[in-house]
Amino acid sequence: MTADPQRDRIRTDLIWQRLIAILEDQAQTLIRTAFSTTTRESGDLSAGLFDARGRMVAQAVTGTPGHVNAMALAVGHFLRRFPLDDLRPGDALASNDPWLCSGHLHDFTVVTPVFHQSRPVGLVANTVHVVDVGGLGFGPDGREVFEEGICIPVCKLATEGRVNPFVLDILRANVREPDQVVGDLHSSMVGNEAAARRVSGLLSEFGCADLEEVADAIITRTRQAVEGRIAALPDGDYRNEIRMDGYEGEVELRLVLSIRGSGMTLDFAGSSPASPRGINVVLNYTTAYAVFGVNCVLNPDIPCNHGSLSPISVLAPSGSVLNAQRPAAVSARHMIGHLLPDLVLGALAPVLPVPAEGAGLIWNPSLRGTTAAGCAFATVTFNAGGAGAHADRDGWNTTAFPSGVRTMPVEAVEATVPVLIRRKELRPDSGGAGRFRGGMGQTIELVGEGRGPLLINAMFDRLIHPARGRGGGGPGQAGGVRLASGSPIGSKGLQEVAPGDMVILDLPGGGGYGPPGERDRDAIEADLLGGYLTPDGARLQYGGGDD
Amino acid sequence: MSLRVAADIGGTFTDIAVEDGTRLWSVKVPTTHGAPERGVLEGVGKALAEAGRTLSDVSLVVHGTTLATNALIERKGARTALLTTEGFRDVLEMGNEGRFDQYDIRATKPVPLVPRHLRHTVRERLRHDGSVVEPLDERGVLEAAKRMRDAGVEAVAVAFLHAYADGGHEARARDLLRRELDIAPISVSHEVSPQMREYERISTTCANAYLQPVVSGYLLRLEQSLKAGGLGGPLLMILSSGSLTTVETASRFPIRLLESGPAGGAIFACDIARRLHLDRVLSFDVGGTTAKFCLVDGFGVRHSKSFEVARTYRFKKGSGLPVTVPVIDLVEIGAGGGSVARVDAIGRIAVGPDSAGSEPGPACYVRGGTQPTVTDCDLALGKLDAAAFAGGTMPLDARAAHHAIEGAVAGPTGLSVENAAFAVAETISEAMASAARVHAAEIGTDIEARTLIAFGGAAPLHAARFAEKLGIGTVIVPSGAGVGSAIGFLRAPVAYEIVRTIRTVLGGGGLDAVRTALLSIEEQARGIVAQASGQADVLAVHRSAHMRYVGQGHEIEVPFTEDPTQESFGASLRAVFEASYARVYGRTLEDSAVEATSWTVRVERPVPGSAPRAPHAATPHAATSCGSRRAYDGAAGSWEAWPEYERAALRPGALARGPAILTEAETTTVVPRGFDFRIGDEGYIWMTRTGDGA
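Chains A and B supply the protein sequences, listed in that same order.
Residue numbering for the first sequence is 2 to 548, as defined by the working numbering.
Residue numbering for the second sequence is 302 to 995, as defined by the working numbering.
One or more of the hints may lead you astray.
Quick look at which bits of chain B chain A covers, simulated, 3 or more residues with Cβ under 8 Å [to be verified]:
no., region
1, 492-499
2, 884-891
Derived DEER-like restraints, expressed as beta-carbon distance ranges [unchecked claim]:
no., chain 1, residue 1, chain 2, residue 2, range
3, A, D523, B, D813, 31 to 41 Å
4, B, V851, A, E497, 49 to 59 Å
5, B, S893, A, P166, 14 to 24 Å
6, A, D393, B, S939, 33 to 43 Å
7, A, Q326, B, D405, 33 to 43 Å
8, B, F870, A, P166, 35 to 45 Å
9, A, R177, B, A883, 36 to 46 Å
10, B, G648, A, P166, 26 to 36 Å
11, B, E941, A, R163, 48 to 58 Å
Hints are computed from structural coordinates only; laboratory data are not their basis.
What you are looking at is a predicted structure, and each value in this text was computed from that prediction instead of being measured.
We treat Cβ as the ideally placed atom computed from N, Cα and C, and that holds for glycine.
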């Protein structure tokens with residue numbers, strides 16, 4: 002660095018800006034090359050730069066919360082197994098161990114050393130959701146992680162530029178789409194290499210010997226900003242709890258959020274024990290979504306790095322559903338993970354403006370069957386319920402939160418698999434009543450057009466426990482799952498739908514904010530005109546009134 | 302000799318360019334928002350007066366306007382109804398069900414152009430291959446028509462699921478609606494945008510309908526006024542794809558008029574590349590609000606099949622309305638002279654994407670703007686001359702700039718005002734360089750070996766630093782840089798392009814459907830181009846496919862020359878795809894099947910070729926400086942006297958070493974230390990990096 006503190010500061014900011022741009026570029030490339038629908042359509046990935054000590058320095062803007070903070074913890078595990086000084090240019094480390102990475106086998110984390118002037122100065126990492134890992138497939142039916150697919154421990158996927166053929170052979174032998182899985186891992190390695198080269202080029206351009214000085218500046222400034230925000234909140238213990246339907250029985254999530262000075266602790270003591278089925282969450286993933294909830298309202302404008310993560314600690318009792326231990330099944334851990342931000346927001350309600358609860362979990366029916374020509378087909382679609390209302394505005398209709406996913410076009414789905422989606426439309430009356438209305442859920446009707454029955458792997462929740470309103474607002478409508486024929490169908494697990502029968506999914510709405518009696522008459526009229534509210538729904542939710 | 306006239310209506314100014322083959326006249330007049338044709342007529346009158354000619358001498362008027370874009374941003378279009386497939390009433394409102402900002406849980410989503418009570422559904426249903434699941438319920442169409450009439454709608458969009466595969470139901474519904482409704486404009490999705498993805502196609506069709514009454518009314522008035530003024534030749538419109546078409550086609554598809562200004566700029570750069578025989582170019586067009594980059598290879602631009610308009614949220618991707626029509630593949634980011642500088646939550650200097658525009662404008666304009674902008678920083682660094690700005694017509698207030706920077710940037714960071722201004726300039730250069738790198742990486746091309754062509758009011762000042770960050774060695778600032786888009790209009794080919802979705806796995810059969818479709822869209826495009834150009838026989842046809850490996854979600858555009866009727870067509874397509882894929886991503890996947898998702902046909906009247914350029918012939922001589930200016934060299938951290946040159950006084954062959962500042966009425970060119978400049982034979986400024994800078 003120079004002797005001039007003013008220009009050092011300008012330089013740090015420029016380097017910071019460039020680092021985020023390099024990582025964002027890497028994330029976009031991964032999206033463009035990915036085979037996995039969840040990665041390419043939904044941005045289910047992350048990319049980050051770590052310093053020699055394993056601290057996350059910068060991260061791509063694109064990325065899903067479940068990967069973001071989990072990856073920050075994963076790199077430490079990788080470095081304990083393979084110390085940075087033992088790595089050579091062209092090496093790449095990889096693993097999908099749920100307890101070390103991001104909570105289920107479908108997520109692979111690939112870590113590549115950054116060399117500058119022949120010295121290892123840091124690491125580039127990314128996490129992608131791959132198409133398949135063998136086993137039962139993506140879903141909550143597993144009883145142990147062993148049933149859920151193959152686990153690759155932290156290993157050297159490449160040594161000095163040569164990919165380890167044995168690792169790839171094992172993978173290929175254990176997954177349903179070997180070319181696509183291996184293709185995505187190759188993309189990860191190539192993307193990391195390119196990003197590592199650009200980081201080295203950046204260090205040269207700005208005349209830095211390594212990352213440490215810049216990393217210190219970035220992390221320190223970020224931490225100070227976050228600690229300042231926490232310190233501005235009144236000390237205290239803030240509690241909240243959420244009940245959800247669960248797989249085989251109700252799951253209760255409890256939180257005590259303690260603020261002491263400039264530190265914050267989230268303690269999930271008292272939450273339900275681990276489930277016998279694959280909806281369990283490992284601590285990495287619990288941490289990821291819990292901290293995301295805090296960041297949404299406390300630090301939405303502060304970039305994510307070690308400095309923004311370190312002031313917040315997360316505790317969950319070992320063996321609970323939020324800190325499941327091996328060999329618990331974990332594949333559908335998002336079902337619980339996606340409720341954690343609402344749990345955190347509710348706890349913060351006394352000290353920060355937060356919305357009502359939303360539908361939370363994405364409804365992603367996984368569909369399988371046989372085409373008319375006799376080939377097996379499989380697909381998954383993402384669909385969002387309503388978001389919670391705010392103190393000053395209605396909640397978003399059919400919008401994914403906290404997940405960062407987007408839905409796929411119906412036309413694209415139908416062009417891929419023999420399924421007809423006959424309805425995908427807002428669900429009237431589903432938004433919770435309130436001074437401001439909760440976001441609307443949606444109704445989806447679909448029918449198989451292949452040979453024989455359609456298999457649906459259900460991962461739906463909030464059928465019994467709807468999204469709660471806030472400040473006197475009403476709850477959003479609960480979800481529903483049914484068949485047009487009236488035959489029974491459940492909300493969890495793999496089930497068969499007879500040929501020609503139609504699956505009807507009613508996605509939950511978001512909670513309302515404030516007493517319904519305070520809703521503006523014109524807003525109710527507008528909802529009636531547009532059919533967001535039916536006349537019956539309006540009477541039920543907002544009272545008979547004068548008409 | 303007959304004249305050609307270009308009129309480019311922008312948000313603030315209407316630019317007019319007139320040429321007779323050898324000479325060029327240009328004027329800028331204020332845009333008259335209520336009736337934009339008045340500004341055009343006034344400007345054309347002025348420019349023709351300068352040329353000493355009248356409208357009757359004009360053989361062609363080419364026009365581009367932001368009218369359509371503004372109508373979408375300000376929501377000043379027609380009261381529009383939508384007729385769509387039962388079960389899909391809310392596609393327009395539900396969008397992709399995602400959020401465009403991960404952490405902002407209060408972000409505002411775009412409001413649909415058609416409110417829910419004007420969105421009607423009817424029973425009908427196709428499969429993705431065009432086969433009928435359920436026939437059109439004609440009685441249902443008539444009932445919807447009645448409700449539309451009762452609601453007093455002014456335009457109708459008809460967009461059914463999978464209509465890109467077969468437009469039969471839509472066409473029939475249009476006929477029925479037309480019978481029942483007196484209003485003329487009915488937009489059908491299979492004509493406006495026959496591409497798969499219902500949200501994008503319905504959004505595009507609704508936007509087209511929404512714009513039709515406004516745009517066709519305006520174009521009619523303009524055409525009549527020009528004719529009344531004596532214009533004998535045709536009026537042609539420039540499209541987002543950079544092509545020209547008739548007023549009639551533009552009135553039917555006003556959605557294609559979006560982004561005509563940036564398209565004109567890209568064509569301007571293409572034309573310069575062709576005349577200077579520069580095979581690899583990066584065009585760099587910076588105005589008050591945005592910076593546009595476009596890669597020009599082999600004197601041509603790439604095209605894309607979708608973009609986003611009217612972003613509601615700080616230019617964020619996903620916060621606008623998706624539009625799927627052919628468009629020049631360029632990147633536009635919120636970075637320009639008016640971009641606002643601030644300090645963020647953790648003390649970092651951030652610039653843009655919001656802009657002070659021209660009203661209130663930068664603080665130094667003293668029109669009520671108090672936030673520091675890039676222009677304020679350029680002034681504080683001594684790069685702009687307060688007295689000579691805009692040819693001296695608009696003096697700037699350096700104290701106001703200083704004060705704004707002090708309050709919003711220097712104060713909060715503890716930097717001196719000049720260091721703060723330097724940091725702002727570096728930050729925006731960095732942002733622009735990052736955007737350009739990403740764009741190049743997406744296409745799989747490098748950037749270092751290119752020549753930068755810089756135009757637009759704010760580009761020549763930042764171009765050299767921008768080039769340096771990208772490793773580019775040569776920067777050209779052409780003459781007429783201030784009205785580049787309008788000049789570009791005069792260089793645009795008469796052409797039309799249609800994109801059609803047909804999903805085909807190579808080697809899996811189905812190429813016959815592609816062959817039929819390619820012929821049919823070629824015929825449609827030929828008809829439009831033949832009518833606009835008055836020539837039917839000498840048209841060139843370019844074809845391309847968007848392709849990917851089966852299982853991927855993102856395609857790359859693959860141009861092909863192989864005749865689709867040939868037996869070997871499929872195999873040759875795979876080969877050209879793999880070559881393109883390897884260029885972009887560095888490898889191919891031998892075992893994976895390849896599919897094409899959509900097909901593009903572009904019919905155009907060929908443009909002349911390029912001949913190798915002779916070396917500069919003008920005698921090199923030292924440029925004569927007209928004085929010097931105190932400027933801040935941020936890298937060195939010191940104030941220095943930089944020589945100043947009046948561009949108009951420099952003759953071809955004039956050269957000097959940077960640092961230097963070249964001034965003209967419409968823009969200022971900065972030649973930093975480490976660059977030389979020379980005036981080329983054609984009068985352009987050529988800056989060359991010498992590498993011995995700071």
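**Range hint compliance [Cβ, V851 of chain B to E497 of chain A, 49 to 59 Å]** = violated (28 Å)
**Message:** If you count the residues of the region 492-499 of chain B with a beta-carbon closer than 8 Å to a beta-carbon of chain A, do you get 3 or more?
**Reply:** Check passed, 3 qualifying residues.
**Request:** For E941 of chain B and R163 of chain A, compare the CB-CB distance with the range 48 to 58 Å and indicate the outcome.
**Result:** holds (53 Å)
**Prompt:** Range hint 33 to 43 Å: satisfied by the CB atoms of D393 of chain A and S939 of chain B?
**Reply:** Taking Cβ atoms as reference, D393 of chain A and S939 of chain B lie about 51 Å apart, which means the hint is violated.
**Asked** Does 14 to 24 Å hold as the CB distance between S893 of chain B and P166 of chain A, or does it fail?
**Response** Holds: the Cβ-Cβ distance is about 19 Å, inside 14 to 24 Å.
**Request:** Starting from the range 33 to 43 Å, see whether the pair Q326 of chain A and D405 of chain B falls in it by beta-carbon distance.
**Result:** For Q326 of chain A and D405 of chain B the Cβ distance comes to about 36 Å; the hint holds.
**Asked** Within the region 884-891 of chain B, is the number of residues with a Cβ closer than 8 Å to a Cβ of chain A three or more?
**Response** holds (count 4)
**Asked** Is 35 to 45 Å right for how far apart the beta carbons of F870 of chain B and P166 of chain A are?
**Response** holds (37 Å)
**P166 of chain A and G648 of chain B - C-beta distance against the hinted 26 to 36 Å** = violated (49 Å)
**Message:** Can you tell me whether the CB distance of D523 of chain A to D813 of chain B sits inside 31 to 41 Å?
**Reply:** Violated: the Cβ-Cβ distance is about 57 Å, outside 31 to 41 Å.
**Asked** Between R177 of chain A and A883 of chain B, is the Cβ distance one that fits in 36 to 46 Å?
**Response** With a Cβ separation near 27 Å, R177 of chain A and A883 of chain B fall outside 36 to 46 Å, so the hint is violated.
Violated hints, in rising order: 3, 4, 6, 9 and 10; the structure is consistent with all others.
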